[in-house]
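Participant: Protein chains in written order, with the working numbering: chain A, 1 to 285; chain B, 1001 to 1211.
Treat each hint with caution, since some may be false.
What the hints assert, rightly or not - Taking beta-carbon pairs under 8 Å as the criterion, some of the chain B residues facing chain A (in silico):
no. : residue
1   : Glu-1005
2   : Lys-1006
3   : Glu-1053
4   : Glu-1055
5   : Val-1074
6   : Pro-1077
7   : Gly-1098
8   : Thr-1152
Claimed, not checked - Derived lysine-lysine pairs resembling DSS-like cross-links, with alpha carbons at most 30 Å apart:
no. : chain 1 : residue 1 : chain 2 : residue 2
9   : B       : Lys-1206  : A       : Lys-173
10  : A       : Lys-233   : B       : Lys-1173
11  : A       : Lys-233   : A       : Lys-35
12  : B       : Lys-1166  : A       : Lys-171
13  : B       : Lys-1008  : A       : Lys-233
14  : A       : Lys-233   : B       : Lys-1206
15  : B       : Lys-1134  : A       : Lys-171
16  : A       : Lys-146   : B       : Lys-1069
17  : A       : Lys-173   : A       : Lys-70
18  : B       : Lys-1164  : A       : Lys-173
19  : B       : Lys-1183  : A       : Lys-252
20  : B       : Lys-1166  : A       : Lys-240
21  : A       : Lys-173   : A       : Lys-116
22  : B       : Lys-1069  : A       : Lys-240
23  : B       : Lys-1134  : A       : Lys-70
24  : B       : Lys-1164  : A       : Lys-240
25  : A       : Lys-173   : B       : Lys-1134
26  : B       : Lys-1173  : B       : Lys-1157
27  : A       : Lys-70    : A       : Lys-41
28  : A       : Lys-240   : B       : Lys-1173
29  : B       : Lys-1157  : A       : Lys-240
30  : B       : Lys-1171  : A       : Lys-70
31  : A       : Lys-146   : B       : Lys-1183
32  : B       : Lys-1171  : B       : Lys-1069
33  : A       : Lys-41    : A       : Lys-252
FYI, nobody ran anything at the bench for these hints, they're computed from the structure.
Note that the Cβ used here is the ideal one computed from N, Cα and C, for glycine as well.
Listed below are the residues making up each chain.
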Amino acid sequence: MIEERVVLLDGAMGSLLINQGLPPGTPPDMWNISKPEIVQKVHQGYFNAGSDVVLTNTFGSSGLKLMAHKHGSRIEDYNVKAVENVRKVCPEEGYIAGDIGPSGVFLPPVGHGTIKAFEENFFEQAEILAKAGVDLFFIETMIDLKEAEAAVKAAKQVSKVPVFASISYQKTKRGYFTIMGNSVEECVSSLQDLGVDAVGANCTISSNEMIDLISEIRQFTDLPIIAKPNAGKPQLVEGKTIYQTTAVDFAKDIKQMVENGARIVGGCCGSNPEFIEEINHLIKR
Amino acid sequence: MSFPEKCKEAILAGDINLSKNLAQETVTNNLDINAAIDAFSLAIREAGNLFEEGEFFLPELMRSAEAMKAAMAVFEPIISEGKESRSLGRVVIGTIEGDIHDIGKTLVASMLSAEGFDVHDLGADVPISTFIDKALEINADIICISALLTTTMIGQKRLIDTLKEKNIRDKFKVLIGGAPVSKQWTEEIGADGTAENAVSAVKLAKNLLAL
């Protein structure tokens, strides 16, 4: 499908659940079990808007991350239920992507994590997601290349389904880097060498800031490129979280990214089905 | 290489042993400790500048801060024997209850501590009452409260409101931080300031205490 046309991902999950009453600080993944109907409704909204691929609500469902929220023992429940929640609303031509986010643990000197702990952490989650029947893995928002590598290796080890890997870059005075200092070239080359099926970027920066980043990624790979920016920076206005970028402007930026080489596009924080619909409309696939 | 150059090398390389040895050398040879601390301080500021310029990233800055702390730990017992404390001020810092993001907060804590503040890091997911109890206990000058989520940011307002209710708002400067924190939010809730990054946070803390 990627060869034929631009593939449309979904948009944000957490912020939509918060709008539905998810209490502050509660991991959105909890609602896979306690409020599955709301999670399914969000997934449904994205499929209706034109998403080809919808991500499971498992961004924070790895063992290390759940442990930080004191939900460590429920890892299997959270992940299995999450896959079911997408499957329930997934149309025949739709795809279920097993979402894997960062562990929240850092390697020294920032934290006390180890590569081995990363590998075990992601192996555990990926194995559950694979068994539950995801069509592909979507590893995202990684700010440390070493952690991303551990996740990719784990996903490759447990299954033969495609692995998409997306890094979170910030824009510095010297260009795009992860917060740990990994350059675009370093990330793209390393992930490519590990055999990922698509590479790209998501979160941290807004859509207008991601346009040039996509061109830079293109210089280092012929793999399909993922672009999943934020809808601007969040602001708290009268108790409500507002993101600055409108769906129309966002879609225009995405169109530019497609021209710069992006092939798999969607939205991160602050986006919603309206954004996906707008992209779908604008790039007229 | 001059002593300040060696300090700079140790701090920028994040070389904890070298920086400890240089500090020890100063003490053993009865050299001017204040001049040595100034040399180290210049070096850590240089690390901060490199971070702001995109030359240094999180790991490098953390290493530099650790090397700085190692040097300061050598000077600490000698300074405390003297009459005048070198501590720039006492800081209580933490991430608000319900929020487990602590990378930014930890970096600010490290930089403040490296620059000579006496920092009490309460960690992440910290209730408001714990911030206040600790601040009162150590007679803090500054409370730094971090939130990465717009949903938990509201806790920053609650902290300030609670300080007002207890009639102790004026006892502390309150600095707020986190990706979604804006100048507008800072003004709206009546905080004393916010900064773009850890390096600016140190400058702000010093300005607020008129250092």
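Participant: Are the hints correct? Go through all of them and say.
Facilitator: Now the hints, each set against the structure:
1. Contact between B/Glu-1005 and chain A, as hinted, is not supported at the beta carbon level, the nearest pair being about 23 Å apart and thus beyond 8 Å.
2. Given the 8 Å rule on beta carbons, the hint for B/Lys-1006 is violated: about 21 Å separates it from the nearest Cβ of chain A.
3. The interface hint given for B/Glu-1053 holds, since its Cβ lies 6 Å from the closest Cβ of chain A, which is under the 8 Å cut-off.
4. At about 7 Å, the closest approach between the beta carbon of B/Glu-1055 and any beta carbon in chain A falls short of 8 Å, and the interface hint on this residue holds.
5. Violation of the interface hint for B/Val-1074 is found here, the shortest Cβ-Cβ separation to chain A being roughly 19 Å, above the 8 Å cut-off.
6. Annotation: B/Pro-1077 was flagged as interfacial toward chain A, and the flag is violated, the nearest CB pair being 25 Å apart, outside 8 Å.
7. Using the Cβ-Cβ criterion of 8 Å, the hint placing B/Gly-1098 at the interface with chain A is satisfied: the shortest such distance is roughly 2 Å.
8. Interface restraint check: B/Thr-1152 against chain A, minimum CB-CB distance 5 Å, threshold 8 Å, status holds.
9. With a CA separation close to 25 Å, the supplied pair B/Lys-1206 and A/Lys-173 stays within the 30 Å bound.
10. Taken as a hint, the A/Lys-233 and B/Lys-1173 pair is honoured in the structure, with Cα atoms around 26 Å apart against an allowance of 30 Å.
11. Only pairs whose Cα atoms come within 30 Å are accepted, and A/Lys-233 paired with A/Lys-35 is accepted, the gap being roughly 28 Å.
12. About 42 Å separates the Cα atoms of B/Lys-1166 and A/Lys-171, which puts this hinted pair outside 30 Å; it is violated.
13. Of the supplied pair hints, the one linking B/Lys-1008 and A/Lys-233 is violated, its CA atoms being roughly 36 Å apart against a limit of 30 Å.
14. A threshold of 30 Å between alpha carbons decides the hint, and for A/Lys-233 with B/Lys-1206 the separation of about 28 Å falls inside it, so the pair holds.
15. Pair hint B/Lys-1134 plus A/Lys-171 does not hold up; C-alpha atoms about 37 Å apart against a cutoff of 30 Å.
16. Straight-line distance between C-alpha atoms of A/Lys-146 and B/Lys-1069 comes to about 27 Å, which keeps the hinted pair within the 30 Å bound.
17. At most 30 Å may separate the alpha-carbon atoms for a hinted pair to count; A/Lys-173 and A/Lys-70 exceed this at roughly 38 Å.
18. For the hint linking B/Lys-1164 to A/Lys-173, the alpha-carbon distance of about 40 Å lies beyond 30 Å, and the restraint is violated.
19. For the proposed pair B/Lys-1183 and A/Lys-252, the alpha carbon gap of about 29 Å is at most 30 Å, so the pair holds.
20. Of the pairs offered as hints, the one joining B/Lys-1166 and A/Lys-240 holds, with about 27 Å between alpha carbons and a cut-off of 30 Å not exceeded.
21. In summary, the hint linking A/Lys-173 to A/Lys-116 is not supported, as the alpha carbons are separated by about 33 Å, beyond the 30 Å threshold.
22. For the given pair, B/Lys-1069 sits about 41 Å from A/Lys-240 by alpha-carbon distance, which is inconsistent with the 30 Å threshold.
23. The hinted pair formed by B/Lys-1134 and A/Lys-70 meets the criterion: a straight-line CA distance of about 25 Å does not exceed 30 Å.
24. Annotation: proposed proximity of B/Lys-1164 to A/Lys-240 holds, straight-line Cα distance about 24 Å (limit 30 Å).
25. Between the alpha carbons of A/Lys-173 and B/Lys-1134 the distance comes to roughly 38 Å, so the proposed pair goes past 30 Å and is violated.
26. The suggested pairing of B/Lys-1173 with B/Lys-1157 holds, with an alpha-carbon distance near 14 Å, which does not exceed 30 Å.
27. For the given pair, A/Lys-70 sits about 27 Å from A/Lys-41 by alpha-carbon distance, which is consistent with the 30 Å threshold.
28. In summary, the hint linking A/Lys-240 to B/Lys-1173 is supported, as the alpha carbons are separated by about 26 Å, within the 30 Å threshold.
29. A threshold of 30 Å between alpha carbons decides the hint, and for B/Lys-1157 with A/Lys-240 the separation of about 14 Å falls inside it, so the pair holds.
30. Restraint check for B/Lys-1171 and A/Lys-70: the C-alpha separation of about 35 Å exceeds 30 Å, so the hint is violated.
31. For the given pair, A/Lys-146 sits about 35 Å from B/Lys-1183 by alpha-carbon distance, which is inconsistent with the 30 Å threshold.
32. A C-alpha spacing of about 28 Å is found between B/Lys-1171 and B/Lys-1069, which places the hinted pair at or below 30 Å, so the restraint holds.
33. Restraint check for A/Lys-41 and A/Lys-252: the C-alpha separation of about 27 Å stays at or below 30 Å, so the hint holds.
The structure shown violates the earlier hints numbered 1, 2, 5, 6, 12, 13, 15, 17, 18, 21, 22, 25, 30, 31.
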